[in-house]
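2 protein chains.
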Amino acid sequence: MIAADEGFHGALGAAAARVEEALADFLPADDTALGAAMRHAVLGGGKRIRAFLAMESAALFRVPASQALRTAAAVECMHAYSLVHDDLPCMDDDQMRRGQPTVHVKWDEATAVLAGDALQTLAFDILSRPQTGLDPRVQLRLVQRLAEASGAHGMAGGQALDIQAETAALPLTLEETTALQGLKTGALIGWAAESGAILGRSQPEPLLNYAAALGLAFQIRDDILDVEGEAEVMGKRVGKDAGRGKATFVSLMGLEAARDRARALVAEACENLKPYGSAAERLRQLAHFAVERPG
Amino acid sequence: MIAADEGFHGALGAAAARVEEALADFLPADDTALGAAMRHAVLGGGKRIRAFLAMESAALFRVPASQALRTAAAVECMHAYSLVHDDLPCMDDDQMRRGQPTVHVKWDEATAVLAGDALQTLAFDILSRPQTGLDPRVQLRLVQRLAEASGAHGMAGGQALDIQAETAALPLTLEETTALQGLKTGALIGWAAESGAILGRSQPEPLLNYAAALGLAFQIRDDILDVEGEAEVMGKRVGKDAGRGKATFVSLMGLEAARDRARALVAEACENLKPYGSAAERLRQLAHFAVERPG
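Sequence lines, in order, name chains H and G. The letter at position 141 of the first sequence is residue 140 when you use numbering that gives the first Met the number 0, and the numbering goes up by one with no holes. The letter at position 274 of the second sequence is residue 273 when you use numbering that gives the first Met the number 0, and the numbering goes up by one with no holes.
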């Protein structure tokens with residue numbers, strides 16, 4: 000596991016490197032367009048927040064690192080699939096992601112649709128393999144909760160609401176935006192956070208509550224960065240949400256109130272970590288990082 | 000279970016009605032665009048060959064009907080997702096499916112991408128729910144094999160090859176077309192056929208061999224119908240593959256040789272059912288149906 004003196008950024012980077020290596024093994028070879036597109040979508044970038052969450056959550060329950068790593072890889076595949084599809088011309092129409100051309104730009108739309116499709120499948124594949132070596136009941140619970148977090152009542156449902164909101168007559172209210180983000184990004188973050196508790200056969204509620212606050216804090220910070228950030232730091236277009244007249248936490252609350260809300264959410268996230276004592280220190284640092292990061 | 004004197008078409012229709020009812024329960028409500036699009040994509044049509052295969056396969060091993068029905072519903076969700084994405088403008092660009100407008104025509108492309116995404120997730124959700132009430136090891140095996148059949152080394156991989164073939168300098172050879180169809184349609188048909196053996200903790204090989212021959216026979220018949228069929232019977236555009244200069248079994252073998260090959264595949268399919276004796280009669284009838292059906 001990660002040495003305690005490494006510090007938060009070192010730990011985040013080390014976790015990212017480990018999951019990157021695992022993902023490189025799980026992904027198909029790049030000798031087909033589909034395989035190459037899947038590798039492009041998943042490898043070489045991202046802070047791997049979801050993977051870090053899964054690994055830190057697992058560490059709380061002394062879950063073997065190999066099991067945690069598979070769970071971390073699965074959530075990154077699921078996240079990458081959602082980004083590839085969100086970037087499509089019929090959705091957000093983004094050309095760049097992590098400083099690289101998006102999949103439909105580098106290949107084509109058909110390949111992007113299929114690469115996203117196959118990445119979703121790969122997430123379930125990784126979790127269900129016997130090599131994961133867990134109690135099948137635990138593995139099955141991970142699969143079922145991931146499906147719940149990702150489908151029509153989770154991530155895909157949130158993205159559908161987001162797309163609809165763009166053509167709606169009125170911008171969403173603060174409550175609606177909060178609910179939408181809870182589905183679109185919160186559900187998968189929640190799964191990553193609870194995965195360690197599932198693996199450790201423990202109650203996931205404190206971690207789910209932590210993740211709900213964390214996910215919202217991340218989104219508010221994203222919205223703040225969207226109006227403030229520099230394209231070089233973000234590695235993608237900025238100002239795009241504000242430019243579309245889309246409701247964001249900044250447009251709904253104002254910049255200062257959004258900052259205050261984000262800080263309150265960090266406190267709320269940390270409050271939910273109390274049962275875990277000092278073992279949850281990195282998760283506390285992650286909550287602070289969510290609202291302090293420069294991009 | 001289905002009464003023995005009902006005859007093949009009655010049995011096929013009865014199985015379709017049962018899985019339709021189950022699917023209507025599993026699918027989200029139609030009070031959102033995403034839910035309505037998912038219901039449109041899945042309900043109200045199709046011969047439900049994959050569901051029938053799953054249910055007949057389960058019957059061979061005396062698997063409880065409720066378990067077989069969930070497996071059947073899962074494979075129909077997976078199949079429907081693939082159709083919704085295949086119909087997209089960036090793929091086959093089809094306007095009609097089963098006599099109805101395709102999802103991206105009735106809604107929009109974004110909704111079609113997300114409805115397909117959420118249908119894939121739903122397939123895994125259905126299989127992994129505790130209500131399925133199986134041995135978790137068996138459920139997990141179903142999940143893992145479905146992921147294998149559907150992902151980059153299965154259905155999605157086959158579709159990617161198909162898309163690439165359209166822009167390739169040379170049409171595919173017969174061997175390449177056979178391999179492509181084995182992935183694109185064969186893998187999921189194989190999963191449906193083996194699912195009963197998995198549920199019944201039995202060897203799936205004879206059923207996988209049966210399904211490989213069956214799937215290819217179905218595809219050859221589709222190619223024959225594509226050049227011969229009437230739009231009214233097919234409920235979709237016909238002649239589209241031939242019109243694109245795409246390699247089909249008919250273009251590669253000629254009409255008569257394609258018919259002969261399809262008949263040989265039916266014999267091969269039935270040969271693999273010998274271990275099951277008269278219990279596999281409906282699966283034999285399905286193989287004959289594959290090459291005799293009018294649409």
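The reader is advised that the hints may include incorrect statements.
Derived pair list, reagent style DMTMM-like, types lysine to aspartate or glutamate, alpha-carbon separation capped at 20 Å [stated by the list, open to error]:
{"id": "1", "chain 1": "G", "residue 1": "Lys105", "chain 2": "G", "residue 2": "Asp92"}
{"id": "2", "chain 1": "H", "residue 1": "Lys245", "chain 2": "H", "residue 2": "Asp221"}
{"id": "3", "chain 1": "H", "residue 1": "Lys105", "chain 2": "G", "residue 2": "Asp221"}
{"id": "4", "chain 1": "H", "residue 1": "Lys245", "chain 2": "H", "residue 2": "Glu267"}
{"id": "5", "chain 1": "G", "residue 1": "Lys245", "chain 2": "G", "residue 2": "Asp221"}
{"id": "6", "chain 1": "G", "residue 1": "Lys105", "chain 2": "H", "residue 2": "Glu165"}
The set of hints was computed from the structure by calculation and includes no laboratory data.
Hint check:
no., hint, verdict
1, Lys105/G - Asp92/G, "13 Å, holds"
2, Lys245/H - Asp221/H, "14 Å, holds"
3, Lys105/H - Asp221/G, "34 Å, violated"
4, Lys245/H - Glu267/H, "27 Å, violated"
5, Lys245/G - Asp221/G, "14 Å, holds"
6, Lys105/G - Glu165/H, "18 Å, holds"
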